[in-house]
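Student: Residues per chain, in single letters:
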Amino acid sequence: MSSAAAAREGVPALAVEDLVAGYGGVIALDGVSISAGTAAITAVLGANGAGKTTLLRAVSGMIRPRRGRVLLDGADQAGRSPEQMVRAGVAHVPEGQGVIPELTVEENLRVGMMAWPFRSPRAERAAALDEAYERFRPLADRRRKLAATLSGGERQMLVIARALLARPRVLLLDEPSLGLAPRIMAQVMDLVVRLSREHGITIVLVEQNARGALAIADHGVVLNLGRVVAAADAATLAADVALRHHYLGF
Amino acid sequence: MVEFLQFTLSGVVFGMIYAAVALSLVLIWRGTRLLNYGQGGMAMFTTYVAIEVIYHTGSYWEGFVIALAAGVVLGAICQLTIIRPTMNKPPLNAVIVTIGLLILLEGLAGIFYGGQYRSFPTAFSQAGLRIGGTPLGVSRFDVFVAAAVLVTTLALAVAFRYTSAGLRMRAAAFNATIARLSGIRVARVLTVGWALAGLLGALAGLLVSPSTFLYPNSMDTIFVYGFTAAVIGGLDSPGGAVVGGLLLGIALSYAGGYLHSGANLVPLVALGILVLVLMVRPDGLFSASQVRRV
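For the protein sequence lines, the chains are A and B, in the order given. For what it's worth, our numbering labels the leading residue of the first sequence as 1, then goes sequentially. For what it's worth, our numbering labels the leading residue of the second sequence as 1001, then goes sequentially.
Source of the hints: derived by calculation from the structure; they are not laboratory data. Everything numeric in this text was worked out from a predicted model, so none of it was measured. Hints are supplied without guarantee of correctness; some may be wrong.
[As the list claims (entries may be wrong)] So the derived label-pair ranges between C-beta atoms look like this:
#, chain 1, residue 1, chain 2, residue 2, range
1, A, A126, B, V1158, 43 to 49 Å
2, A, P138, B, Q1126, 54 to 60 Å
3, B, L1080, A, E124, 32 to 38 Å
Every residue, glycine too, gets a C-beta built ideally from N, C-alpha and C.
If we strip away everything but chain A, and leave its shape as in the complex, we get (with noise of 0.2 Å):
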């Protein structure tokens, strides 16, 4: 099924559905199911240890689930590697680190097109780096330096603009505006909102800044302990004060 004709089912672009994952003797992940509206924006929110980034690693194919399907306009995909997920449309950028340091900002960018068919034209590849840059000018002035020599925010830059090239129909970010500062995390959050509502993608946003998180959202879930604890749209689960004070901290 296509994903225009799976967006007109009211199917979502990603599921998951009675999700469990964890690491050795360690269940971080108990029967979760989430959807996540094509083109929208979902926020993943909870406490540390509440499962949110083994909720990301699972639906990338970077942990094997237990038990559970993750769907992708409704076809089960779980369990299959990372390096397949990016090729169905599913790009994750971890929490930190995300950028290659040794690698120029270019070399960085042209590894977010390895998922690409093989044959590819070169022009299509060298068009879709000026497009890169188009709209993320700091990047462009820096291409040929280590990645090593960038900035906090720009680093965020180019992990966010690498996942973009590979053309993804579903994003997950962990924590983007981690360690940023409030106005660089602003310019982050903006971003997310514009991939969304301007080039549909579906976005799945893990953040601890709850506030900041349901402000731009969509949709939210709540995690607590490997299990989902509440599920609403955004403006409801920010004015659930409870709900707040409990788990999201604010």
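Fit chain B to the supplied structure of chain A, relying on the hints for placement.
Tutor: Just chain B now, kept in the frame of chain A:
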């Protein structure tokens, strides 16, 4: 003065061989943080392949090319069959497996070819070159040795730097998680790394065996020197491996030439250099880990 020139030039030649071994170790180390103790054994084995081919066909170059191809195949097969199952296990498992690989290959070589020393032919004359009457201490074949390693190293450097496959290998080496999330098939990249390491080891075996003779343990010393060179260079830096190989080759050449009964002291000097580097700069002279600390 003439002595100094001779020692330096012959040091450079041996240094290039150590550099080839060092580079083969670096290629595998960068991908998986694994030191391949079987590298010398693989090089010894492919050199036996070369000697058999040369014996049957009478052509040095056929033996040369087939040995290099055997290095590629042997490297890939070893990675696929015995190394891949150790991934996602404690790192010591893989180390033990490579030591086992060394013992296995040396044992097989002993069974197939016997333990006697065999001479290995050269492609070019080993008569010393002279410039106007002054002996340079190196032969035409020595020039070939240096050139062969230099060309191979440069070809690898260019491929790593400028091709998509090279970028894939570097990305996988620096950050396997990001590489996989970007769609790079890291397991395949590691196999290619072992194949290239096999190629470099085979080259080193072909180039050093005319000087050392060939026997099942003949690459052990060369492996230790190559390892020392790789550590001097920082273990994860290809450029450092080459510089480390040259520094070590020249230092050992001076030690062997100038010290009283120097030839016997050479392994000791190598050990001394290794200890010194590990004490003063444990990351080696060219480690890339400095970039990471930013």
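Student: Looking at the structure, which of the earlier hints fail to hold?
Tutor: Per hint list: single violation, 1.
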